[in-house]
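Novice: Starting from the structure of chain A, add chains B and C where the hints point.
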Amino acid sequence: MTASLLAISGLTKAYPGAVANDDVSFDIGRGEVHALLGENGAGKSTLVKMIYGLVKPDSGTMTLHGAPYAPAEPRAARACGVAMVFQHFSLFDALSVAENIALGMETPPPMGDLARRIRAVSETYGLPLDPDRVVGDLSAGERQRVEILRCLLQDPRLLIMDEPTSVLTPQEVEILFSTLRKLTAEGVAILYISHKLEEIRALCDRATILRQGRNVGTCLPAETTAREMAQMMVGTAITPPTRAARPLGDVALEVTGLSLHSPSPFGTALKDIRFSLRSGEIIGIGGVAGNGQDELLAALSGELRSPSDAIRLHGTPIGRLRPDARRRLGLLAAPEERLGHAAAPDMSLTENAFLTGAGREGLVTRGFIRWPETEGFARRIIARFDVRTPGPGTAARALSGGNLQKFVIGREVLQRPEVLIVNQPTWGVDAAAAAAIRQALLDLAAEGAAILCISQDLDELMEIADRFGALNEGRLSEIRPTAQLGLDQIGLMMGGAHDMEVAHV
Amino acid sequence: MDLSSINPVLLLASLIAASTPILLAAIGELVVERAGVLNLGVEGMMITGAICGFAIAVNTGSPFAGFVMAALGGAALSLLFAALTQIALANHVASGLALTLFGLGLSSLLGQGYVGIKPPPTPKLDIPLLSDIPILGPVLFSHDLMVYLALALVAAVWGMLKYTRAGLILRAVGENHDAAHALGYKVVRVRVLAIAFGGACAGLGGAYLSLVRVPQWTEGMTAGVGWIALALVVFASWKAGRVLLGAWLFGGVSVLQLNLQAAGVAVPVEYLSMSPYLVTILVLVIMSADKSRAPGSLGRIFHASQ
Amino acid sequence: MRLRLEKRPQPARHWIYLSPVLAVLVTMLAGGALFAALGKNPVAAISTIFWEPLFGEFAFYYRPQLLVKGAPLVLIAIGLALGFRAGIWNIGAEGQYIVGALTGAGVALAFYPLDAWFLFGLMILAGALGGLAWGMIPALLKLRFGTNEILVSLMLVYVAEQLLAAMALGPMRNPEGMGFPGSRNLQNYPAAHNAELIAGSGMHWGVVAALIAVIFAHILLGRHILGYQIRLTGQAPRAARFAGVNPARLILFCLGTSGALAGMAGLFEVSGPAGQVSIDFNVGYGFTAIIVAFLGRLHPLGILAAGLLMALTYIGGEIAQSELGLPAAAIQVFQGMLLFFLLAVDVLTNYRLRLLSRAPDPSRSL
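Protein chains in written order, with the working numbering: chain A, 1 to 505; chain B, 1 to 306; chain C, 1 to 366.
Same shape as in the complex, but just chain A (with noise of 0.2 Å):
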């Protein structure tokens, strides 16, 4: 670590409402490995997306280099050797690998040049990718790779990465680890934004805690505690959810030999899909993303349908029926996409409530709408699961990401479910919303409910579930209880047999 490379201070960003960046200042050194850490809605991607040209700042300076620095644009950003790595939104499903790299360089060389040279660093730094392959049938692992090539054919001297783990199965977050300690050793700096603590303590030199737009300390985080900087993220502590032991009961559901084929040109076929998960029990699904959990939700909340002995509730066939036939039935559902998927943005909470709850909670007679009830159901809702709002008539997309999620969880779990399904029922929520739709989650299995929960945060999975399996090429592995699991199996059954070998690279 020698000299300052980017420094920033006194960055201010507001959008009408909040302010999403105040005062924010630190700085990089050359070499470093510097942690932006932070809740979600903390501030980290207006911050990087400033640095990245992306947003202007109202205020505040950066210097690189020593120099003043403020890029118009993206592209300003990386002709000084800025390049950034994105969680989503940038590739393109439809082109190819060098295509895409094409798109991210400055000036790419002819397509047959931009391919060998694209070989030769993929070799040098470990990533082993096809130059000529369609992005969209890589796996997330693979995905990542194009784009930190995209970002390492341009020589950057400072490397931006937006929550780069998310997608990665533990033994692939090593290979990560490994070449970015190279970068490093070629003293390029690396902006490393995440809320995973225990991985900040291992690759990070210094991190810098954002909390609600403001920067809350710098620390070295070889020298603190995971306790300590989740302390400093989050303002005050949270309380883990309490787990009551419960007795476990018939089996609910039960799925054999569920294979399907995505809807998506570009989705995972699911394969031989068997488990079977009991009244009062907790199934947790781990898995990268894009392996057949949005395809494994939709088969069994009814958007998909399958050959009806595929899966069975409590004895009954139900491959057949649609979602609404399911409900009846006690079978639930939550997806992970809030907005369009779990809730339509543009309708009133009390329409939403009506989305899934119109059977169960007898919202209809013959065929009319019952609004008055459908209105109270939505304040039951809001007033039960604690959901900030200014009434049931505002509208879906007016809600925070983590008071819409409470909403939609709270809409399943109210209607007593016999067997609920979520899908990343956590994903971008804040820390307080996260504890208490776990806590909701439990509590409901401690009524009898059976629960299967598709996640890819693994520490949620291990805080709630009895048995956790997990998705790989749309291959569900065996069930385990989660008791007797460890890192390193967890990985093994993340990464299914194909990405094993990866693993030995």
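Calculated from the structure, these hints are not laboratory results.
Check before you lean on any hint, since a few could be wrong.
As the list claims (entries may be wrong) - Capping the alpha-carbon separation at 16 Å, the derived lysine to aspartate or glutamate pairs in EDC-like fashion look like this:
id: 1; chain 1: A; residue 1: Lys182; chain 2: A; residue 2: Asp155
id: 2; chain 1: A; residue 1: Lys182; chain 2: A; residue 2: Glu123
id: 3; chain 1: B; residue 1: Lys186; chain 2: A; residue 2: Glu106
id: 4; chain 1: B; residue 1: Lys186; chain 2: A; residue 2: Glu73
id: 5; chain 1: C; residue 1: Lys40; chain 2: C; residue 2: Glu318
id: 6; chain 1: B; residue 1: Lys162; chain 2: A; residue 2: Asp132
id: 7; chain 1: A; residue 1: Lys182; chain 2: A; residue 2: Asp205
id: 8; chain 1: A; residue 1: Lys196; chain 2: A; residue 2: Glu463
id: 9; chain 1: A; residue 1: Lys196; chain 2: A; residue 2: Asp430
id: 10; chain 1: A; residue 1: Lys196; chain 2: A; residue 2: Glu163
id: 11; chain 1: C; residue 1: Lys40; chain 2: C; residue 2: Glu323
id: 12; chain 1: C; residue 1: Lys7; chain 2: A; residue 2: Asp346
Specialist: Here is chains B and C on its own, set in the frame of chain A:
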């Protein structure tokens, strides 16, 4: 009925000419859709081009000036669509319909004084030697400049999309506008340019109808050609080369039914006139099974929120 | 200084009502400019169009016309709006209108000169079924093959126009018509005539049907689960699938209903105001209804108001044509403009305009 009056060489030659308006409009719309924009206003832009080109050609005596003006007119009208969808973030489908309704009205207003006039002839470009080759000569090498321009345009669009950086950026914007924006590409600018190009092409196609194919001005003379061009883009799976095939197919159908009409086939004229539309539906039915090639962001509204 | 759009946290209620009004006002201004460019007095032209039919000297004649012209527009637009709400784009109402007129009139012509009380009811049924059948073609093709309903329904307009020509010149031609194209005039066939219910009021069965359609659609969208499913599917298709909506049923319902309503509108027109099946009895109501549907914000009561407004521009346009020599096409442009401005000001419902005094921000360029 006398089918022997149909001369296959002339039939093929007029097929090439008959396919030109639809080819021009479709290749323009292909670029628009590859940029992620669904402009249903092709019919409106075509007919506006038809009258703009016609009026200027009549007033200046130069078909060339007519075609230039037709392209400008089509592009100008398409910019209205661009303003609605790219700036006011209006629904693509509704805006495209608005453009067609407006274009139909505007063209008949502009065309008030031009009914029943003959435009100056567009010269045929008889390519020396080549046009003297039997059969191939009349079929391929004795057309007017616009026919060759249309073919050149198809080749240019194909090459642009496949080999150039501009083409790559255009495809990227159409595939995933959020990603393109995150990389710093000007999504709106790229789309506005594509829309204007599409408008110019549609305008040229319309002018080819009013100046060469018919040639005269009548209200509503495009008679659905713009819509068929839209169907053609689907038929072509958003590939430039296949647009050419499709245009020839439709050119063939419409020329054939005209020839059958002329030959006095014992089917009422109206039923023959239906055939291009029915063929379009048939083609849509056959081609719609494969949806995967449609650009990922097609018809979606882009707003850079962060 | 520059303008920027910012998404509102939720749709602004007042703009939902204000935007059509604003659009009409802006269209009047732009239309005035257009008329001035055509060498007409813009104030006179605008007042002729909007004032004359309602309060002018001959208002007693024009006011009933408002109902006559507004009814088919409203009837068709109600059907279209149901589909548009669900993201199902039937833009071939003109074709369904024509086919409904043909089947309805066909029944009358087949029974001529039978004088039976049930004949008119049978014609309405036939008209509705004809439009329904024509609307089912894009629906079934969409379900079976995934074809785009926009293009198919539109292609069928051109097919229907040819069919109309074939019928007017062929099987339906008036045998006593001295060889002129066109069918018998149903106005002279009392059992089949869609006559005024109250003389001089403009009120015919089509007006009644339009009003019933408005009421039904209003209840359907606001209170019935099917209406909820229509709205949900249009706003968030994935959420609709998650809720358990059967998309196939919605496609059949929306295209079927809009086809049937358009077919009925065609029947009421051909058996009443138009009188006979002739090559050009259709005057583009099927397309104008698209404007009406949007101008009415896809809301049944809004459509009722928008249909009357659009009828006003038709009637006023005709007056301006005869009194001021304003070309008929100018009115068509005027109507087109209205839709343009409506779509443009609609953005204010979901976004707010913000004045920025700072240097341009590249990430927000419009």
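Novice: Compare the structure with each hint and give your call.
Specialist: Each hint, compared with the structure:
Annotation: proposed proximity of A:Lys182 to A:Asp155 holds, straight-line Cα distance about 13 Å (limit 16 Å). For the hint pairing A:Lys182 with A:Glu123, the CA-to-CA distance comes to about 13 Å; that is within 16 Å, so the pair holds. The suggested pairing of B:Lys186 with A:Glu106 holds, with an alpha-carbon distance near 14 Å, which does not exceed 16 Å. Between the alpha carbons of B:Lys186 and A:Glu73 the distance comes to roughly 10 Å, so the proposed pair stays at or under 16 Å and holds.
A distance of roughly 15 Å separates the Cα atoms of C:Lys40 and C:Glu318; the hinted pair therefore holds under the 16 Å criterion. Straight-line distance between C-alpha atoms of B:Lys162 and A:Asp132 comes to about 14 Å, which keeps the hinted pair within the 16 Å bound. Restraint check for A:Lys182 and A:Asp205: satisfied, since their Cα atoms lie roughly 15 Å apart, inside the 16 Å limit. Between A:Lys196 and A:Glu463, the direct Cα distance comes to roughly 15 Å. Compliance with the 16 Å bound is thereby established for this hinted pair.
For the hint linking A:Lys196 to A:Asp430, the alpha-carbon distance of about 14 Å falls within 16 Å, and the restraint holds. Straight-line distance between C-alpha atoms of A:Lys196 and A:Glu163 comes to about 9 Å, which keeps the hinted pair within the 16 Å bound. Straight-line distance between C-alpha atoms of C:Lys40 and C:Glu323 comes to about 11 Å, which keeps the hinted pair within the 16 Å bound. Under the criterion of a C-alpha separation no larger than 16 Å, the hint pairing C:Lys7 with A:Asp346 is consistent with the structure, at around 12 Å.
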